[in-house]
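Make the full structure from the sequences, and use the hints.
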Amino acid sequence: MAGIEEEPVSLAEAPVRSLSMIEAINDALDIMLERDPDVILLGEDIGYFGGVFRATAGLQQKHGKTRVFDTPISEGGIIGVAVGMGAYGLRPVPEIQFADYIYPGLDQLISEAARLRYRSAGEFIAPMTVRSPFGGGIFGGQTHSQSPEALFTHVSGLKTVVPSTPHDAKGLLISAIEDNDPVIFFEPKRIYNGPFDGYYDKPTKPWKGHPGARVPEGYYSIPLGKAHTVRSGSAMTVLAYGTMVHVAEAVCRDKGVDAEIIDLRTLVPLDIEAVENSVEKTGRCLVVHEATRTSGFGAELAALVQERCFYHLEAPVERVTGFDTPYPHSLEWAYFPGPIRIGEAIDRLMEA
Amino acid sequence: MAKAATSDSGTTASGPARDSSDQAGGDNFELRSLQDSFESEKRYTASQDELIGFYKQMLLIRRFEEKAGQLYGLGLIGGFCHLYIGQEAVAVGLQSALQEGKDSVITGYRDHGHMLAYGIDPKVIMAELTGRQAGISHGKGGSMHMFSTEHAFYGGHGIVGAQVSLGAGLAFAHKYRDDGGICLAYFGDGAANQGQVYESFNMASLWQLPIVFVVENNQYAMGTSVKRSSAETEFYRRGTAFRIPGIAVNGMDVLEVRRAAEVAFAHVREGNGPVLLELNTYRYRGHSMSDPAKYRTREEVQGVRETSDPIERAKAELAGMGVDEETLKQIDKDIRAAVAEAADFAEKSPEPDASELYTDVLVESY
Ligand SMILES: Cc1ncc(C[n+]2csc(CCOP(=O)(O)OP(=O)(O)O)c2C)c(N)n1
Ligand SMILES: [Mg+2]
Chain A
1 MAGIEEEPVS
11 LAEAPVRSLS
21 MIEAINDALD
31 IMLERDPDVI
41 LLGEDIGYFG
51 GVFRATAGLQ
61 QKHGKTRVFD
71 TPISEGGIIG
81 VAVGMGAYGL
91 RPVPEIQFAD
101 YIYPGLDQLI
111 SEAARLRYRS
121 AGEFIAPMTV
131 RSPFGGGIFG
141 GQTHSQSPEA
151 LFTHVSGLKT
161 VVPSTPHDAK
171 GLLISAIEDN
181 DPVIFFEPKR
191 IYNGPFDGYY
201 DKPTKPWKGH
211 PGARVPEGYY
221 SIPLGKAHTV
231 RSGSAMTVLA
241 YGTMVHVAEA
251 VCRDKGVDAE
261 IIDLRTLVPL
271 DIEAVENSVE
281 KTGRCLVVHE
291 ATRTSGFGAE
301 LAALVQERCF
311 YHLEAPVERV
321 TGFDTPYPHS
331 LEWAYFPGPI
341 RIGEAIDRLM
351 EA
Chain B
1 MAKAATSDSG
11 TTASGPARDS
21 SDQAGGDNFE
31 LRSLQDSFES
41 EKRYTASQDE
51 LIGFYKQMLL
61 IRRFEEKAGQ
71 LYGLGLIGGF
81 CHLYIGQEAV
91 AVGLQSALQE
101 GKDSVITGYR
111 DHGHMLAYGI
121 DPKVIMAELT
131 GRQAGISHGK
141 GGSMHMFSTE
151 HAFYGGHGIV
161 GAQVSLGAGL
171 AFAHKYRDDG
181 GICLAYFGDG
191 AANQGQVYES
201 FNMASLWQLP
211 IVFVVENNQY
221 AMGTSVKRSS
231 AETEFYRRGT
241 AFRIPGIAVN
251 GMDVLEVRRA
261 AEVAFAHVRE
271 GNGPVLLELN
281 TYRYRGHSMS
291 DPAKYRTREE
301 VQGVRETSDP
311 IERAKAELAG
321 MGVDEETLKQ
331 IDKDIRAAVA
341 EAADFAEKSP
351 EPDASELYTD
361 VLVESY
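In order, the protein sequences belong to chains A and B. The numbering of the first sequence is my numbering, which starts it at 1 and goes up by one. The numbering of the second sequence is my numbering, which starts it at 1 and goes up by one.
Calculated from the structure, these hints are not laboratory results. One should not assume that every hint holds.
[Said to hold, decoys possible] Here are the computed lysine-lysine pairs in the BS3-like style, where the Cα-Cα straight-line distance is at most 25 Å:
1. A:K62 <-> B:K294
2. B:K123 <-> B:K56
3. B:K315 <-> B:K42
4. A:K65 <-> B:K227
5. B:K56 <-> B:K102
6. B:K294 <-> B:K315
7. B:K67 <-> B:K294
8. A:K62 <-> B:K329
9. A:K65 <-> B:K294
10. A:K202 <-> A:K255
11. B:K123 <-> B:K333
12. A:K281 <-> A:K226
Encoded structure:
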C-alpha cells in the first residue's frame, strides 16, 4: 500500500506499520477474506471502484468478483440478502456507503437480523457486519453527516462498534466479522485519514506519528465490549467514542485538565466496569458525542453512571452533544460539539 | 383515500374482484402503446422564438454549472455538489411542457438544472450552494436540497430514490383535489433500483395517479455503469409489471424530449394513470466534485460531447433557421453576465445567523 512507513521490526512481535484508518480497515478486510472463505463483501461501488472512501480498494482484484462485489443502490435489499447469507452460514460484510443511507435497510436490521437468533431459539443466526462511515465534520449536510448509533443501541440483538484509531479499527473489525451476531460497525469518516481534533481552522494532521496509527501486520483482534483508557487522570472522567475521543483529548490537553478519557470503542456491549471504576475514582463525568442530544447514547451513559456511581459523584453528569436539529449544510462548526462547548462543560464540571 | 381512487372512473381501487379490463390499460395493455404514437412524430416543431427560449435555458444551466464548478474549486462551495452538465435538454424539454405552478415537480440531488429550467433566480440558487442566508433554503439545504413553493418544485432530495414515492403522493393530492395538475418525478438510472420505486409504481398504477415517472438515464450511478447494476437496462420497460406504458427518448435532443413530454402529459392528463419516460442522456462531469472518474474513458466522454451535445445541436438548428452568429453571441454574453452576477451575489451574501440552526425543525420553536 502507498505511503506506508516501515517501522523497525522487533523479532518478538509482528511488524508494526503506520496506517491510516482507511488503510487499517482495508487490511482487516483483506485478512478476513484470506482467512475465511465464507467472508463476502458487498455494497455500492465497493468492488470495481474500491469504495467511495477507498476502504475496499484492490480487494476485488485480489479476491475475485464472487467475494467482493458491487450491488445496485438498494439498501433494503443489501441488508436483507446479507441476513439470508448469514443465516445459511456465510459471513457477509455489507457496506452502507454513508450511515445516512442505512434507513431503507432498518426494517431488515431490526425485524430480521436482530431477532433471528431469539425467535429461532438460537437455531439461526445473522453473523453479519454492516460497515458504514458516519459522523460529521466533512461539510456533508443533512444526508452525509449523521450519527445514528443510538437507533441501533436501542435495538436488542445488535452490537454497535465505533473505533477511534487505525489500530482499534483493524482489531475491532476482525472481531466484528468473527462475531456470531449482527454488528453495526460505524467508521468515523472525519478521522479516516487523520485524527481530527476539532480545531477545524487548523490543518488536519495525518495519522502518521499518532500512537493509534501503529498497526501490527497480520491477524489480531480486539474483543468487543472492552473500553480503552486513552489517558488516565483524576479530575474527571470523559466518556467518548470515535472522532470525539480526539477532540476531547485536545481540549483536556490545552486546558491542562487532569481528565481520564475513556474511549468506549463498543457501545453494545458496553464496558460498564471501566466506566464505573473511573467515575468512582474521579467523581465527575462528562459524556461527549456528535449525535443529537435527546435519547442519544449519552442519555444512557448518564443514567448508568448515576445508577452505579451516585454516591461517588461530586457534580451532575454533563453531556456535550450535537443539537437537536437536522445536520445543517452551513453552520457546520456551530453545530459540531467542538472544543469551545467541551471546554465550557469541563469548566462547569470543575466548578460544581 | 376513497375520493381520489374513485373520483373519475367509478372503479374503486380496493373494490370487489376486478377483471383485467378494470386495470390500467385494460385488457390490451401494451408497454409500447405510447412509444408508437411518439415514433410517428418524434420531434416537436418549435417556432424560432421557442427554440431560442430552450437554447437560452440550456445555456444558462451549462454556464451556471460551470461557474458552480469553479466556485467549488475555490472553496466557496463545500460538501456535495452534483452538476447537470450534459443533461440540460431533459429538464428544459420536459418542464417547458408543464403548466407552471399547477403541475408539480420533484427530483433528486442533481437539482440545479431543474430549478433553473423553471426560471428560478440563479442568484438564490447559487447562494444556496454557497450556504448563505439569501439562498433559497437559507443555506440550510445546500446544493442537494432546494425547493420553490411558487413553482410547485418539491425539491431537491439527497436520499436516492426517496423522491419517487413522494412524487406518487403529490400525484395523489393532485387527483384528490381534482386540480388538473400532474406530477413529474425525476430519478436516476441508479435510483431505479430502489425498492420503493416499484412500490410507488404499483400504487400509482393501481390508483391511476396523474404522474410521469422520468428516469434520467445518464448511464452511470456514481462509478457503476448501468450494465453492472441492472438486470433490465431498458428502463422504460420497468413499469411493465405494473401496466405502466413506457417511452424511450433521446434525452440529448430538446425537441425530442419536448415531444415525448406532450405525448406523456396528454395521456396522464386524460386520467389514464402513470407513464414512465426513459431519457437517455449523459453527464459530462464527475458524479460529484470529488470523482476521479476511473470508470470511463476520456474518449467516451469526448465522443458524446462531440456528437450529441444538446446545446450544440440546438445552436446548429437555430443557425439553420437563419439566426445569425451575432444574436447567438449576444445570448452567450448575457448569460455569462447573469451567472457572474449570481456568483458575486452568492459570494457576498452573509452566512445564516447561528440562530437559524433551530428554526424550522418543528412548527414550534423549542
Ligand atoms: C439511499 C441512498 N443510497 C446511496 C446514496 C449515495 N448515492 C448518491 S448519488 C448515487 C448514485 C445515483 O445514481 P443515479 O440514480 O443514476 O443518479 P445520477 O447521479 O446519475 O444523476 C449514490 C449511490 C444516497 N444518496 N442515498
Ligand atoms: Mg445515473
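### Query
Holds or violated: A:K62 with B:K294, Cα cutoff 25 Å?
It holds: about 18 Å lies between the C-alpha atoms, which stays within 25 Å.
* **Restraint check for A:K65 with B:K294, where alpha carbons must lie at most 25 Å apart** => 18 Å, holds
Holds or violated: B:K315 to B:K42, with C-alpha atoms at most 25 Å apart: Holds, because 19 Å separates the two Cα atoms, which is no more than 25 Å.
Would the hint linking B:K123 and B:K333 be met if the CA-CA limit is 25 Å? Judged against 25 Å, a Cα distance of about 17 Å means the pair holds.
**Study point:** 25 Å Cα cutoff - pair A:K65, B:K227
**Key:** 15 Å, holds
Discussion item. A:K202 and A:K255 were given as a pair; does the straight-line alpha-carbon distance stay at or below 25 Å?
Written reply: Status holds; Cα separation ~18 Å.
- Query: Between B:K67 and B:K294, is the straight-line Cα distance small enough, at 25 Å or below?
  - Reply: 24 Å, holds
(Q) What's the verdict on B:K123 and B:K56, does the C-alpha distance respect the 25 Å limit or exceed it? (A) 17 Å, holds
A:K281 and A:K226: Cα distance at most 25 Å? Roughly 19 Å between the alpha carbons, so the hint for A:K281 and A:K226 holds.
message = Checking one constraint from the list: CA of B:K294 to CA of B:K315, max 25 Å. Satisfied?
response = 31 Å, violated
Mind checking the alpha carbons of A:K62 and B:K329 for me, to see if they're no more than 25 Å apart?
54 Å, violated
Check whether the Cα positions of B:K56 and B:K102 lie no farther apart than 25 Å.
Satisfied, since the Cα-Cα distance of roughly 23 Å is no more than 25 Å.
The structure shown violates the earlier hints numbered 6, 8.
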